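Asker: Residue numbers for the sequence shown, in mature numbering (1 follows the signal peptide of the UniProt record, and there is no 0): -18 to -1, 1 to 437.
Wrong hints could be hidden among the right ones.
Stated by the list, open to error - Simulated pairs of lysine-lysine, DSS-like, Cα-Cα distance not exceeding 30 Å:
| id | residue 1 | residue 2 |
| --- | --- | --- |
| 1 | Lys155 | Lys138 |
| 2 | Lys155 | Lys92 |
| 3 | Lys92 | Lys138 |
| 4 | Lys110 | Lys159 |
| 5 | Lys319 | Lys88 |
| 6 | Lys88 | Lys157 |
| 7 | Lys92 | Lys154 |
| 8 | Lys110 | Lys88 |
| 9 | Lys92 | Lys319 |
| 10 | Lys138 | Lys110 |
Claimed, not checked - Simulated restraints, written as ranges between beta carbons of each label pair:
| id | residue 1 | residue 2 | range |
| --- | --- | --- | --- |
| 11 | His32 | Ala125 | 26 to 34 Å |
| 12 | Glu217 | Ala108 | 18 to 26 Å |
| 13 | Ile81 | Glu217 | 22 to 30 Å |
| 14 | Asp353 | Gly289 | 18 to 26 Å |
Keep in mind the hints are simulated off the structure, nothing from the lab.
Quantities reported herein were computed from a predicted structural model and do not represent experimental measurements.
Each residue gets a CB set at the ideal place from its N, CA and C atoms; glycine is no exception.
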Amino acid sequence: MLPSTLKLLASLLAVAGATRPSLGPEKAAVELSATPATQPTLVGYWHNFHSSVTGATFPLGQVITTEWDVVNVAYATHYAHGMVGFVLDPAAGSIDGFINDIATLKAAGKTVVLSVGGPNGTMALASKAEVGTFVSSIADLVATYGFDGIDLSIEKGLAGSGAVSNLVAAVKKLKRKLGASFYVSLAPYYPLVQSGGGPASVRNGRGGGSAKAKMTAVASSSAQCLTLLDGLRDELDLVHVRYFGSNSGLVLPDDQVVTEGTVDILVGGSLMLLEGCRYTNPSAKSKAATQFQPLPPHQVGFGVSLGGGFNHPDSTTVQRALTCLVQGSGCGTITPKTTYADFGGIMGWSVNLDKFGGYSFSKAVRTTLDDLTTPSNDADENDEVTEDPKFDDSAADWIEANSAAQSGAIRAALPFLKPIPSKYTEGHGPGNADGISDSGKDKLVSQWGDKGRLE
């Protein structure tokens, strides 16, 4: 049996959860802080092939003990005419073992996604027939292995006439076929999304300017990925642009050039999707610049390399970029006009490199994610609380005298909780094991019904 004080507090929690008398004015209840509302996601690629840096791959099941939330299996191959296939590296174990590993990761709360494309893959759907083949082959792989969704890793553009519209149609059909919860992400190479360049007149006539200038215009000779993003904004869970592997840097709308591996490229590139940008489409009949509308923050992330010969930021740089976007602190030369508490997340290439480095990257970034998303339940000392006239303060001293610690915790967590009227606590003393008199129990039941009963 609980000690008398704790038993009484447990009863109060039950009462608080029930339908209770009105607290009177709306300001009576102090709102609890629960910002940010969502936690940015940590996405990692598990590569299904031997690497000169990390060596042979390893069973997917080993990822279960890591900090990664979403695991993208790289890669499925788009062979031709819409047909997509997947071949498991023997070093990863048997097919049955791989299927079991996916189920184990999913049971642990992780999302397991099949990534299509990559450095050697293309996305070329030239007809409605190829769209149908693409959809059916992906659906078969999902049914066979148990993947939660697909990731489109676009590193070589979208080949062929109608490639963008056909890929949009294919993803929409997949969502209809496999359900609204089917996960969809994009990982385009940043020169294919934000190539910059072009005359300053296209970029709203701005040449130069403050590093805090509005990121609202960019000319792009690679409009396909922005058009694809626009077409899939209702289906998309996350886009994490890959800000590595080019060495060309990124030209921002104010003509500032930012380089790979810096806070500025991660923040500046993300803001172009969060705030919207202008781009030109060379294949369109009209050469006028098109406005790309902002994506919701929860759909936008950024991708970094953990090593392997790419220009990779250290974990501190990644942490600074994240806190800059979420809280407005730790920024480089670019500061957001507003903060994005529900920013989508961080993608890292790769889980294998993270394992090779003792998981130091994912552990460090997870610490930052947790720090950014831990809600505060502390009431502001200036918050006004209006007492309900049905209650008096005669039991306040009783609560604190029995357990100041529990009382403080309860009052912080449930600011609407009122002191127990003394008439309900009559007879309380060392000989009363329940911590409340029998007559007090009856009166609680009378006012609150069975919710007020102490058993």
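Asker: Does each hint fit the structure? Answer for all of them.
Answerer: How the hints compare with the structure:
no.	hint	in the structure
1	Lys155 / Lys138	holds (24 Å)
2	Lys155 / Lys92	holds (25 Å)
3	Lys92 / Lys138	holds (29 Å)
4	Lys110 / Lys159	holds (16 Å)
5	Lys319 / Lys88	violated (37 Å)
6	Lys88 / Lys157	holds (19 Å)
7	Lys92 / Lys154	holds (24 Å)
8	Lys110 / Lys88	violated (33 Å)
9	Lys92 / Lys319	violated (33 Å)
10	Lys138 / Lys110	holds (22 Å)
11	His32 / Ala125: 26 to 34 Å	holds (28 Å)
12	Glu217 / Ala108: 18 to 26 Å	holds (21 Å)
13	Ile81 / Glu217: 22 to 30 Å	holds (26 Å)
14	Asp353 / Gly289: 18 to 26 Å	holds (25 Å)
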